[in-house]
Amino acid sequence: MRSPIPQNQTAIAYFSASNRDRLRLDILKSIYYLFLPMKLPNGDHPEISMQKILGYCLNFNHDKGKDKARVFQSRLGITSQNADHLVELIQIAAVEGEVVQESNTKFGKEYKVDWEIPNTGGTELRTIWEVSIEAGYPRLISAFLKREK
Numbered sequence: 038m039r040s041p042i043p044q045n046q047t048a049i050a051y052f053s054a055s056n057r058d059r060l061r062l063d064i065l066k067s068i069y070y071l072f073l074p075m076k077l078p079n080g081d082h083p084e085i086s087m088q089k090i091l092g093y094c095l096n097f098n099h100d101k102g103k104d105k106a107r108v109f110q111s112r113l114g115i116t117s118q119n120a121d122h123l124v125e126l127i128q129i130a131a132v133e134g135e136v137v138q139e140s141n142t143k144f145g146k147e148y149k150v151d152w153e154i155p156n157t158g159g160t161e162l163r164t165i166w167e168v169s170i171e172a173g174y175p176r177l178i179s180a181f182l183k184r185e186k
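The sequence shown lines up with residues 38 to 186 when you count with this note's numbering.
One or more of the hints may lead you astray.
Taking lysine-lysine pairs in the DSSO-like style, the calculated list, with each CA pair at most 30 angstroms apart, reads [stated by the list, open to error]:
id: 1; residue 1: 103; residue 2: 76
id: 2; residue 1: 89; residue 2: 101
id: 3; residue 1: 101; residue 2: 143
id: 4; residue 1: 101; residue 2: 149
id: 5; residue 1: 146; residue 2: 105
Since the hints were made in silico from the structure, they are not lab data. Predicted model, so just to flag it, every value in this text is computed and none were measured.
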């Protein structure tokens, strides 16, 4: 591996004032982003399909969605009758939630976002989003409440 220091300079000369300042700034940025929770890209413009909410997340007859529907009803009192409340929570989670996992798919990037719902004793809403290469905004894939700790 080659040294980043040019051969005709000593290490002390290479780290001149301007280089030291640039290096210091890079280190500060790295530390800043290390401790700053990652947010969903374009989370303020999410695509949330009401069909996804009613036909999947709150559908007691859906093979995979029925457990989500049962948990939403038992822990938050949310059913298909007040699905707009779940949509509001998902919209807030898209903006305020923390990305806990990011992965690449053949369609773009997938993000898992966790957000603690206020005044619920620590109930966490997990949302899964896809940001396609073409669209650039997040589209809801799934939403569910995480298991209580």
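Broken hints, by number:
none
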